[in-house]
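**Q** Chain order of the listed sequences is A and B. Okay, so the first sequence: first residue is 0 according to numbering that gives the first Met the number 0, each after it adds one. Okay, so the second sequence: first residue is 0 according to numbering that gives the first Met the number 0, each after it adds one.
FYI, nobody ran anything at the bench for these hints, they're computed from the structure. Treat the hints with care, as some may be off.
[Unchecked claim] Across the chosen pairs, the derived CB separations fall in these ranges:
1) A:Ala188 / B:Glu7: 15 to 25 angstroms
2) B:Gln78 / A:Ala29: 47 to 57 angstroms
3) B:Val131 / A:Leu68: 27 to 37 angstroms
4) B:Thr139 / A:Asn76: 22 to 32 angstroms
5) B:Gln87 / A:Leu191: 30 to 40 angstroms
6) A:Phe105 / B:Thr170: 27 to 37 angstroms
7) A:Ala188 / B:Ile65: 52 to 62 angstroms
8) B:Phe16 / A:Pro75: 34 to 44 angstroms
9) B:Gly105 / A:Asn76: 15 to 25 angstroms
10) A:Val73 / B:Val131: 25 to 35 angstroms
11) A:Val9 / B:Val18: 32 to 42 angstroms
12) A:Gln118 / B:Gly92: 41 to 51 angstroms
13) B:Ala13 / A:Lys115: 55 to 65 angstroms
14) A:Arg57 / B:Gly105: 46 to 56 angstroms
[Unchecked claim] Selected chain B positions facing chain A (Cβ under 8 angstroms, derived; list incomplete):
15) Tyr30
16) Ile85
17) Gln110
18) Gln111
Ideal Cβ placement from N, Cα and C applies to all residues, glycine included.
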Amino acid sequence: MTSSCTKASVLDRRSTKVMITAVFTALALATNYALIGIPNVKIMDTLVFVAAFFFGLRLGIGVAASIWLVYGFVNPNGVDSFLMLSFLMVGECFYALAGVALKKSFVARDLVKGTKEYQRLSIVFGLVGLLATFAYDALTNFGSWIFRTGSLYQDFVFGNIIGVPFSVAHEASNVVFFATIAPAIVVAATRLGLRTPQDVS
Amino acid sequence: MGLSIVSEHKVFFAILFLVGAGIVAFQAGAYYYYQRSSSACPSPCQGSVVAVETLINYGNSTSHWINKTDVPSDWNFYQLTASIAIVQATYYGPPTSEHLITGINGVQSNQQYFWSLWAICEKSNAWIATNVGADAIHFTTYHTLAWYYQATNSQDSSTWNPPVSGASKVTICG
Numbered sequence: 000m001t002s003s004c005t006k007a008s009v010l011d012r013r014s015t016k017v018m019i020t021a022v023f024t025a026l027a028l029a030t031n032y033a034l035i036g037i038p039n040v041k042i043m044d045t046l047v048f049v050a051a052f053f054f055g056l057r058l059g060i061g062v063a064a065s066i067w068l069v070y071g072f073v074n075p076n077g078v079d080s081f082l083m084l085s086f087l088m089v090g091e092c093f094y095a096l097a098g099v100a101l102k103k104s105f106v107a108r109d110l111v112k113g114t115k116e117y118q119r120l121s122i123v124f125g126l127v128g129l130l131a132t133f134a135y136d137a138l139t140n141f142g143s144w145i146f147r148t149g150s151l152y153q154d155f156v157f158g159n160i161i162g163v164p165f166s167v168a169h170e171a172s173n174v175v176f177f178a179t180i181a182p183a184i185v186v187a188a189t190r191l192g193l194r195t196p197q198d199v200s
Numbered sequence: 000m001g002l003s004i005v006s007e008h009k010v011f012f013a014i015l016f017l018v019g020a021g022i023v024a025f026q027a028g029a030y031y032y033y034q035r036s037s038s039a040c041p042s043p044c045q046g047s048v049v050a051v052e053t054l055i056n057y058g059n060s061t062s063h064w065i066n067k068t069d070v071p072s073d074w075n076f077y078q079l080t081a082s083i084a085i086v087q088a089t090y091y092g093p094p095t096s097e098h099l100i101t102g103i104n105g106v107q108s109n110q111q112y113f114w115s116l117w118a119i120c121e122k123s124n125a126w127i128a129t130n131v132g133a134d135a136i137h138f139t140t141y142h143t144l145a146w147y148y149q150a151t152n153s154q155d156s157s158t159w160n161p162p163v164s165g166a167s168k169v170t171i172c173g
């Protein structure tokens with residue numbers, strides 16, 4: 000008990016939060032550049048989700064924004080405009096929201112209680128990943144076409160039809176990553192006794 | 000105690016599966032529509048030929064026009080480019096099924112320069128940077144196209160210069 004409270008207070012420190020944000024950002028950027036040859040297949044989204052799941056919404060949003068501040072400007076495929084970058088950052092925050100929402104659901108409670116139904120939990124993680132990725136793709140496809148047709152509705156429809164091959168690749172890969180990597184990290188961290196401020200409260 | 004998490008949270012799982020199925024159906028429909036629209040070719044499609052003009056602008060004041068009058072109408076612009084130039088490309092399989100052009104006639108894309116794809120929008124008689132790759136361009140809408148080797152300054156195509164200096168440019172063909 001004492002040990003849990005001590006760990007939680009360490010995680011409350013601003014310096015610890017900055018360090019965690021930096022580590023997750025570095026990990027996401029490293030994997031993004033490693034996977035640069037495979038369009039729209041990235042572990043980044045899963046990492047933002049995991050960061051928010053363990054350390055809360057603010058840290059998750061911090062990771063999402065930090066990643067895109069670097070990846071949007073230092074990218075072999077080209078530099079994003081500020082407008083597009085803002086859509087990408089907001090879209091990336093959907094994964095942080097998904098992580099926090101799942102943390103507050105029965106899934107986190109069952110994991111702490113030591114459930115063995117990993118396959119079912121894996122399905123939940125995969126479906127939440129699909130939902131968040133769909134929202135991200137819908138928003139960013141819209142953002143890539145905004146102000147081009149003269150109607151926001153047409154911008155949305157055109158963007159999402161022309162962008163659909165990339166959306167399908169993104170959503171399929173994220174379902175796999177969210178169903179495998181995310182629960183594996185969550186279960187491993189729980190077994191190792193990671194208690195975040197949210198767990199303690 | 001002995002209940003599985005599915006029976007404990009039936010409503011949650013039902014909603015999650017329904018939303019997931021809805022997303023899959025939506026994307027499958029959009030993908031079908033995209034495939035159908037990007038594989039369209041003039042009627043009659045098979046056996047007919049069209050004339051297509053292609054500009055290759057190397058970005059160093061060197062450019063040349065290639066006028067080909069016997070392009071099979073079921074070809075796409077990648078096939079045409081490969082028939083008139085030496086093309087280096089990376090192929091991405093399904094679902095994108097597209098080639099990323101990395102070099103034309105020995106001029107390679109790099110960190111600073113890349114090959115952008117343009118077409119003449121016949122309605123407005125102006126150049127437009129296409130929003131799809133060469134594989135998705137058939138010769139129903141566009142008959143004058145261009146490859147332009149230009150500096151990578153932004154992914155926002157509205158800021159790019161057209162392949163013919165001083166020519167007009169639009170961001171939407173309509």
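**Q** Could you run down the list of hints and mark each one as holding or not?
**A** Results for each hint:
Between Ala188 (chain A) and Glu7 (chain B) the beta carbon distance is about 24 angstroms. The supplied range of 15 to 25 angstroms therefore holds. The supplied range of 47 to 57 angstroms is broken by Gln78 (chain B) and Ala29 (chain A), whose beta-carbon atoms lie about 38 angstroms from each other. As the Cβ distance of Val131 (chain B) to Leu68 (chain A) is approximately 29 angstroms, the hint placing it in 27 to 37 angstroms holds. Separated by about 29 angstroms at the C-beta atoms, Thr139 (chain B) and Asn76 (chain A) satisfy the suggested range of 22 to 32 angstroms.
Between Gln87 (chain B) and Leu191 (chain A) the beta carbons are some 48 angstroms apart, a value that contradicts the proposed interval 30 to 40 angstroms. The supplied range of 27 to 37 angstroms is broken by Phe105 (chain A) and Thr170 (chain B), whose beta-carbon atoms lie about 48 angstroms from each other. Checked against the given bound of 52 to 62 angstroms, the beta carbons of Ala188 (chain A) and Ile65 (chain B), roughly 60 angstroms apart, stay inside it. At about 39 angstroms, the CB distance of Phe16 (chain B) to Pro75 (chain A) agrees with the hint of 34 to 44 angstroms.
Separation of Gly105 (chain B) from Asn76 (chain A) is about 22 angstroms and conforms to the stated range, judged on CB atoms against 15 to 25 angstroms. Between Val73 (chain A) and Val131 (chain B) the C-beta distance comes to about 26 angstroms, which sits within the given range of 25 to 35 angstroms. As the Cβ distance of Val9 (chain A) to Val18 (chain B) is approximately 38 angstroms, the hint placing it in 32 to 42 angstroms holds. Remark: the range hint 41 to 51 angstroms for Gln118 (chain A) to Gly92 (chain B) is contradicted by a beta-carbon distance near 29 angstroms.
Distance hint check: the CB atoms of Ala13 (chain B) and Lys115 (chain A) are about 23 angstroms apart, inconsistent with the given range 55 to 65 angstroms. Distance hint for Arg57 (chain A) and Gly105 (chain B): a CB-CB separation of about 51 angstroms, consistent with the stated range 46 to 56 angstroms. Taken as an interface hint, Tyr30 (chain B) checks out: its beta carbon lies about 5 angstroms from the nearest beta carbon of chain A, inside 8 angstroms. Taking 8 angstroms as the C-beta contact cut-off toward chain A, the hint placing Ile85 (chain B) at the interface is violated, the least distance being around 22 angstroms.
Nearest Cβ of chain A to the Cβ of Gln110 (chain B): about 7 angstroms, under the 8 angstroms cut. The hint holds. The beta carbon of Gln111 (chain B) is not positioned within 8 angstroms of any beta carbon in chain A (closest approach about 11 angstroms), and the interface hint is therefore violated.
Checked against the numbered hints given earlier, this structure breaks hints 2, 5, 6, 12, 13, 16, 18; the rest are met.
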